[in-house]
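Please arrange chain B on chain A, whose structure you already have, making use of the hints.
Protein chains in written order, with full-length UniProt numbering: chain A, 1 to 359; chain B, 1 to 779.
One should not assume that every hint holds.
To be verified - Pairs of lysine-lysine, DSSO-like flavour, derived with a Cα cap of 27 Å:
id : chain 1 : residue 1 : chain 2 : residue 2
1  : B       : LYS564    : A       : LYS81
2  : A       : LYS289    : B       : LYS529
3  : A       : LYS72     : B       : LYS565
4  : A       : LYS80     : B       : LYS567
5  : A       : LYS80     : B       : LYS564
6  : B       : LYS564    : A       : LYS289
7  : B       : LYS364    : B       : LYS375
8  : B       : LYS378    : B       : LYS124
9  : A       : LYS68     : B       : LYS334
10 : B       : LYS237    : B       : LYS334
11 : B       : LYS565    : A       : LYS81
12 : A       : LYS7      : B       : LYS698
13 : A       : LYS7      : A       : LYS223
14 : B       : LYS630    : B       : LYS676
15 : B       : LYS629    : A       : LYS7
16 : B       : LYS678    : A       : LYS289
17 : B       : LYS567    : A       : LYS289
18 : A       : LYS7      : A       : LYS68
19 : A       : LYS66     : A       : LYS7
20 : A       : LYS223    : A       : LYS196
21 : B       : LYS683    : A       : LYS212
22 : A       : LYS208    : A       : LYS196
23 : B       : LYS564    : A       : LYS72
24 : A       : LYS289    : B       : LYS676
25 : A       : LYS7      : B       : LYS705
26 : B       : LYS567    : A       : LYS309
27 : A       : LYS220    : A       : LYS7
28 : A       : LYS72     : B       : LYS334
29 : B       : LYS564    : B       : LYS676
30 : B       : LYS476    : B       : LYS565
31 : B       : LYS565    : B       : LYS334
32 : B       : LYS683    : B       : LYS672
To be verified - Derived list of chain A stretches under chain B, where covered just means 3 residues or more per stretch with a C-beta under 8 Å from a C-beta of chain B:
id : segment
33 : 4–11
34 : 240–246
What the hints assert, rightly or not - Calculated from the model, a selection of chain A residues having no Cβ within reach of chain B, i.e. all distances over 12 Å:
id : residue
35 : SER28
36 : SER162
37 : ILE174
38 : SER175
39 : PRO191
40 : GLU197
Derived by calculation from the structure, the hints in this document are not laboratory data. Just so you know, even glycine gets a beta-carbon here, dropped at the ideal spot from N, CA and C.
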Amino acid sequence: MSLWVDKYRPKKFGQLTFHPQITDSLKSLAATGDFPHLLVYGPSGAGKKTRIYATLNELFGASVEKLKIDVKTFTNASSKKLEFNVLSSPYHLEITPSDMGNNDRVVIQDLLKDVASTEQVDFSNPGKNGVKHRFKVVIINEADSLSRDAQAALRRTMEKYSANIRLIMVCNNISNIIAPIKSRTLLVRVPAPSVKEIGDILLHIALKESVKFSSNDPEKLRKYVDAVARGSAQNLRRSMLTFETISMQLELLNVDNLSSATIVLDWEVIIQNIALSLRRDKSVANLAKLRVTFYELLSHCIPSRLILKTLALELASSETSHCRELMETAAVFDERLSLGLKAIFHLEGFAAKAMVIMS
Amino acid sequence: METEFSLHQSILFAEPAIEKPLEPVKVPLLKNPATVPSTKPKKVALFNGSVISLKPRVRPTGIGLDEKGDSFFSMDDLYERVRLRDELRQSRKVIDEAKKRDAARLAEAAKETAEENRLLWSDKYRPSSFLEICPAGNERQYRLVMHWLSKWGSLVFGNAKIDDENVDHLGRPLRKILLVHGPSGVGKTAVVHLLARQMGYHVEELNAANSMDTLGGTDADTGRGANIAAVLKLRVKNALTTNTITAQGKPTCLVIDEIDSASNTAEIVRVLADVLRSDSDNRTATESSSGTFFLLATKKKPKKKFSLNRPIICIANDIYSNSGRSGSANPMEKLRQFCEIVPFRKATGGESMFGKKINASAQKTVKAHLADISKKEKLNLDHREISEVFEICEGDIRASINYLQFSSRKLDPELVGRLATSDNSSNKDKTMSWFLLVDRLFTRDQKLSKEENFESVMRLVSSGDEKTAASGSLDKVIRGCFNKYLDVVHLQDDLALRPAMISDWLFYYDALTTGARDASFYPTLASLKFWSLFSDINPQKFRDTNSLVPNARGLEFESFELLKKNKAVVQRIVDQLPIETKLSFGGTSSNFEFYACQFIPILDRMFSPEIGSSRAMSALQPFEQALLKKLVLLTETLDLQLETQRDTELNMTYLLFAPDWDTIASFPSEEKYQQKRKLTNAKRQWLFPLLQQELDAKNASAQLKRKRTETPDAEEKGAKTKKQKLTSSIEYFRSQYGDVAAKTEAPVSRDDSSRIWVKYHEGFSNAVRKNIGWKDLWS
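So here's chain B without its partners, still in its complex pose:
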């Protein structure tokens, strides 16, 4: 503050030198009258208390003029002095004023900085231009998003069409919705918002918080479900078709954030599907009106045209989440089908399909980003500390920035040092009491006898008992001990004897806490047993070593999450089974044991046959053909979908089945896991196109058949009512057509290229029925 102020002054005032020349003038003026008369040395006490003796100057007497000149006052000099003094006074005044003003300004500035401080850094350092985005290993994904958005440019801004096979006739990307997914805090929302803004859109956001809002005035109580869906639809449509005032004439880009965690995901997805459907209806209409295709719905009233001409971007954390009820179809599953999917990933270790791997360059960029912030905020963190923060937050950029901000207040070197040296599993909860208790349970005080020691531990454990047991922190303590005791034993004698003993006590604990038994005190005994079995005089030695079980603390949670996911997959597969099959598999029960342990692994085997001799169905050997036919039948009955998933990192495409059972059938810990994965993928590369082809052919022939059965019906009716009607041209052509279909049907199913397709109006009913003849088709 001080230095700043003086600096400030010197810049403000051009003549600070005024004061200085005054001094030498002043001194003789004051001193002279006193010193001249006396010739003796004189003692003078100064204000600061020190005493000095003043000697009269001995001057050469020969020069009297000088002395005389001093006694005379030169008027010019005097005037000069008066002028200077006035000037000084003036400048003082100015300075004082400036000081006041400055103080006020400073106060203001202080207020301002306080305001700025109140901003979360994660908001403050939210990137505002493309160059500011921290790459974090997601550059490719950024480019994908940008590329997708730029495709809309031709429609929205009238840019030149991008020549690409992935755009439709209006220049829009084929998949009209972009689905960005990835773990939290990697910058999905930031990037999407930023890119949309940079491409010149106004971002309209719909998120978990506001998607449930109804428009003002509508009463939500009556007919709630339908109402909300309608309102939601209105909102989406409004966002897509109208411009808001605040957008300043920019086109809107709808961003649906947190689509997977919104409470009405299913509704949002339904609305999106509706929007898309109405759009593609529209597209066929416009296409047909251009004259190349026949028009079916001419009699229909021309509906108000709706075409989707604004981009929609959805953001989700987990696109495979199954938060909905287990019975109902997963909305995300539906959403995935019509979305372009861009996966974002964490910088720590992008979990690719090939297990976890560390992405060094991505980590570097994130750390550089954090270092930049720390420089700007004058935190003076060194590289090691930054990587520590990064580790703690597990690659979550937002969390890292938050962590920086809130720890910056107390980041003194000592604390940072402790942060860095504390246990390497670096848990945020380490200061919590249960954690300390776990530590305490593994230490034995050297000075006390065994009994005293036990007493003290018992007091410690049981003192917090009522509270801890109730809030479930006893469970945390036991879990903590369980996670730790192997490391301890490993360093003591590495024998399985004591782990075997503690297992009895763990059962005791488990049995007492399971079920609503009123035994709040006894379970704590298990933790005491931990102490008596494993406590060590020198706990430091195992605190610093690496844990034997990698990620011991996360393991429980991770496996639980995976289990949940796998259960959902099993449930889904079970739900899709036809009832008869369920019966032969042992009834309606979601008998996980059978499905997960036998059916799915065997199904996996069935669907990974050896790669066949050829890539074309017709060139296959008869055995392989039979096999494929069987698989096709299976895919149909199990209602499996063939999906592709792209790994942008390795630029590889993975093929998988829609209820993705790979997580159940395969085990990443197996030695040959990677090879197996590759092999499976290669097999599927061969199998999937064939399957798809066969499925399509099947659908096609089914449609043909349906039509064929329709035709004889019509014929019969015609014959019954009037013979004349049969002779009417349309019926005649119809019957002809039926014959043609019957004739061509058999060879058609084999050969894809020469098939003729006639799209029939799907929602067929008598109300809009219109007879079609050859003329209509081929004119």
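Chain A on its own, in the form it takes in the complex:
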């Protein structure tokens, strides 16, 4: 694959550049040949997955990267057949139970039992220190969107089958994870890389890919890549995608023009416009107009909570005097969005409340 995100993804601990403490502790964890259940969390684009795979690589060797996709079928309570994609290597499985919506409990139970009941026999790779890996690793993506039932189902499984399974749960936020699971796992927080760290990586890539800049003044270069990193909200993945896109669009990157270093996506522009119109026109007629826009955003697969978050931050940055109330309201509505199903009610509600607060 030609995308830089792919090309420059570190595969081993040695290639990881930032968060040295986390890398080190993971390394020492892997060195023992065994590890407890992990709960890795942090914002997206911070390198959670990369670190996990680096750990697996350290543990099992490069064959972890030999991946294939299996389709497993489950039957739920009403004997409906469900299909489910599982990414697997000889040593681990990767699942995203939230793909199954309400049926995630069935998937968790069946799959884990299935894996746990077969003991891993590993003759070919005796591993370091002569320890044979008798367990299989199961990576659970988006663990925060697991339903309560599924989490409760996990809880017992984690203890019962701990001889054969190691779980690595990945999520953005641990507030949705029930306490018993938190207590059964080793929490690893991977914070977003700093602007400088992202900048380093981007400069490294620019060097390798021979990206041309209008000036080679290191000071200016640094400023430029920092602008890229900041424009992508310190999301490394997005920064790399953005940087690649920019360098594809322009032959020569103008380091003096910092605004060219960011790509503001269409939906972000639209949310900015919403914030603008909310501040300008605090009438119900405007609210009605915004409803159409909200519907449009939602129908473009943009998660409602992301809309709310972006909008709230946008509002708060321009209305500094009401910042506190706005964020408080946004928090309330964020909870409502995650509890309820009818996103449009709450988005409009937030817009109305914001109008009241600002007027």
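Okay, now just chain B, sitting in the frame of chain A:
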């Protein structure tokens, strides 16, 4: 009835005048004997009760002859009278008989009309000739269908070949299947059937209902999947190759209706693909047998020839539908590739790629069509009412006709008037109770106190509670209130204060109804809050105004549909990603947030670079070349297809990628949306040919490479086993050929015109392997 009957009589009988001359004769005959003797006035009571006095006529006495003449009976007169009376009697009899006969006939006629009434008008007024089709803004499409069908004429009927670059050597259109799509009720099926019949075909229809039928006798239980596919294939082939008795010797035209909604779409498409494949195999065979090309499969048993020589037309509502399982490939996607696509559209506002626009002339024709029907059925609808019906049915012609028929029974002017003045969003459901309830929730009764009013509303809301909450109509009520309250507030004080308050209650409702909580009573409180916050004494004023939110009711559904579609697109793109890339994007998860919010928009940016300096790859600047190479690589790894879509209305061609992410990456509500669209299209006009060219070149060089790697293999083997074999002429030529390929390979990838192509038999296996030498190739 009365008038009709009398009219009927007068035509039937030539001498109705007979009765009339009798009268004056009769009267004196009866009167005279009574009046002659008495000279006094006499009172006579008539049958109807009135009394008249009869005076004897005073006659001049001088003329006695006259009186005398009256007393004498002229025999001629008498005979005449008798004859007339007989005649009268006769004619009466005839009339009576005729009456009886008429009555019988009338009864029959009544029965007949009843029969006719039983027909749906949408069937009754189904066009039976090309001129009867209502244009509805689709004339171009009709012509396209006709044109496509007429191309088959040369093969099927032996007409003269149409000289066109779009036909193959047999005169068939290049794309052998026509795919007609469009919203329901615009006349796709009617037009296709009609045109096929007019061109002289017998229409064989396969639709969602009968496509699952198995042939009689075959047991579906054993080996079901394979069996059904086989049966289906048989059916299709039968339809294409045989003539049925009922067709009266006409050739068959296979029409597959509702192909997108059939439960076995995937199978139908597979069968169609099979048919096409077997046909194109056949074509190459016939071509090669004509001597110009080399023949590869000479050793194969000559299979029974099959050539597709009957047109196939598929009809679908939504060719981009993804009804299948999300994981599997979309059958419609496959179908689109080998079909000529003709999009039909509604007359209301053809939704072109450039947003919605109103097509006035198309609307006019539909309305004229409806007016015609109303005239024929004596509904006496005026223009306004017809456009009302048209609006209600949203341009769906079939629905409009149905609506006309079923409302015609009760279409009295009052009702029609109400229909026209009722709320302008004109929802068919307006009589339903939840709708009334929503209305009620926004009204406050002036006469009652606030408490009494609240009591009455509460009783109203909670009375139907058990039922309404269970059937989900409470949700409808809340939705209805939600759609309406902004309009109400807008006319009251236009402040955001109360909307902010109701949001808390809406959350309360949402939280209580989400999840299987047993709280059937409490959610109704939200609707009460709507009443207490927004109810108005005079609800009439906001009923008549235009809604602030255009299409408030449809919005929810539309956005849901779009979301579904977009999710399918995202899923498709995710499925196509290579595993390694997925890994660096955060795993197998269909992490919509990342893909929809970051990856796809950025991908869109990547694929819309500035228009380059030249249209030829070689003339591009090195930077642009590098860019293109990268894009080509990306298209390959993401398995993107380059597609074109034609807008027949504007006669423009749009270029898009096969998982069409435009609906995700672009927002029609943006101010510069139209410009952006045009710009994107222009960029793609430049990009696509280049991409395609590069992709083709890549495929080509890949094939060459494959061959090259094959050759050394063969050489090595040859060297190992026997040296002599290497000297055999074919091996020698092969190695020569490999060298040539190696030499030419590098320059070839740049230059398209001087490349030499050798098609190699694809399904290569040792069983049918045949060595080819230069002689075979160039003799």
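Here's how the hints hold up against the structure:
1. For the hint linking LYS564/B to LYS81/A, the alpha-carbon distance of about 21 Å falls within 27 Å, and the restraint holds.
2. Restraint check for LYS289/A and LYS529/B: satisfied, since their Cα atoms lie roughly 24 Å apart, inside the 27 Å limit.
3. With a C-alpha separation of about 25 Å, the suggested pairing of LYS72/A with LYS565/B holds against the 27 Å cut-off.
4. Restraint check for LYS80/A and LYS567/B: the C-alpha separation of about 22 Å stays at or below 27 Å, so the hint holds.
5. Between LYS80/A and LYS564/B the CA atoms are separated by roughly 21 Å; this keeps the pair inside 27 Å, and the hint holds.
6. The straight-line distance between the Cα atoms of LYS564/B and LYS289/A is roughly 23 Å, inside the 27 Å bound, and the hint therefore holds.
7. Taking the CA atoms of LYS364/B and LYS375/B, the gap is near 16 Å; set against the 27 Å cutoff, the hint holds.
8. The straight-line distance between the Cα atoms of LYS378/B and LYS124/B is roughly 15 Å, inside the 27 Å bound, and the hint therefore holds.
9. For the given pair, LYS68/A sits about 25 Å from LYS334/B by alpha-carbon distance, which is consistent with the 27 Å threshold.
10. Distance hint between LYS237/B and LYS334/B is fulfilled; the C-alpha atoms sit about 20 Å from each other, no more than 27 Å.
11. Between LYS565/B and LYS81/A the CA atoms are separated by roughly 23 Å; this keeps the pair inside 27 Å, and the hint holds.
12. Of the pairs offered as hints, the one joining LYS7/A and LYS698/B holds, with about 21 Å between alpha carbons and a cut-off of 27 Å not exceeded.
13. A threshold of 27 Å between alpha carbons decides the hint, and for LYS7/A with LYS223/A the separation of about 24 Å falls inside it, so the pair holds.
14. For a cut-off of 27 Å, the pair hint linking LYS630/B to LYS676/B stands: about 24 Å separates their Cα positions.
15. A C-alpha spacing of about 16 Å is found between LYS629/B and LYS7/A, which places the hinted pair at or below 27 Å, so the restraint holds.
16. A distance of roughly 26 Å separates the Cα atoms of LYS678/B and LYS289/A; the hinted pair therefore holds under the 27 Å criterion.
17. Using a Cα cut-off of 27 Å, the hinted pair LYS567/B and LYS289/A holds, with the two alpha carbons roughly 25 Å apart.
18. Taking the CA atoms of LYS7/A and LYS68/A, the gap is near 19 Å; set against the 27 Å cutoff, the hint holds.
19. Distance hint between LYS66/A and LYS7/A is fulfilled; the C-alpha atoms sit about 16 Å from each other, no more than 27 Å.
20. This hinted pair checks out: LYS223/A and LYS196/A have alpha carbons roughly 10 Å apart, not beyond 27 Å.
21. Our distance criterion of 27 Å between C-alpha atoms is met by LYS683/B and LYS212/A, whose separation comes to about 24 Å.
22. For a cut-off of 27 Å, the pair hint linking LYS208/A to LYS196/A stands: about 18 Å separates their Cα positions.
23. For the hint pairing LYS564/B with LYS72/A, the CA-to-CA distance comes to about 24 Å; that is within 27 Å, so the pair holds.
24. As the CA atoms of LYS289/A and LYS676/B are separated by approximately 22 Å, the hinted pair is consistent with the 27 Å bound.
25. A threshold of 27 Å between alpha carbons decides the hint, and for LYS7/A with LYS705/B the separation of about 25 Å falls inside it, so the pair holds.
26. This hinted pair checks out: LYS567/B and LYS309/A have alpha carbons roughly 21 Å apart, not beyond 27 Å.
27. A threshold of 27 Å between alpha carbons decides the hint, and for LYS220/A with LYS7/A the separation of about 26 Å falls inside it, so the pair holds.
28. Simply put, LYS72/A and LYS334/B have alpha-carbon atoms about 25 Å apart, close enough for the 27 Å limit, and the pair holds.
29. With a C-alpha separation of about 24 Å, the suggested pairing of LYS564/B with LYS676/B holds against the 27 Å cut-off.
30. The straight-line distance between the Cα atoms of LYS476/B and LYS565/B is roughly 24 Å, inside the 27 Å bound, and the hint therefore holds.
31. About 17 Å separates the Cα atoms of LYS565/B and LYS334/B, which keeps this hinted pair within 27 Å; it holds.
32. Using a Cα cut-off of 27 Å, the hinted pair LYS683/B and LYS672/B holds, with the two alpha carbons roughly 16 Å apart.
33. Only residues whose beta carbon comes within less than 8 Å of a beta carbon in chain B count, and the segment 4–11 of chain A has 3; three or more means the coverage holds.
34. Under a criterion of three residues with beta carbons nearer than 8 Å to beta carbons of chain B, the stated coverage of the segment 240–246 of chain A is upheld, 4 such residues being counted.
35. A cut-off of 12 Å between C-beta atoms confirms that SER28/A is not in contact with chain B; the least separation is 24 Å.
36. Listed as outside the interface, SER162/A is consistent with that label: its C-beta sits roughly 23 Å from the nearest C-beta of chain B, beyond the 12 Å cut-off.
37. The Cβ of ILE174/A sits about 17 Å from the closest Cβ of chain B, beyond the 12 Å cut-off, so the non-interface label holds.
38. Every C-beta of chain B lies more than 12 Å from that of SER175/A, the closest at about 17 Å, which supports listing it as non-interface.
39. Listed as outside the interface, PRO191/A is consistent with that label: its C-beta sits roughly 17 Å from the nearest C-beta of chain B, beyond the 12 Å cut-off.
40. Even its closest Cβ contact with chain B, about 18 Å, leaves GLU197/A beyond 12 Å, as expected for a residue assigned away from the interface.
The earlier numbered hints are all upheld by this structure, with none contradicted.
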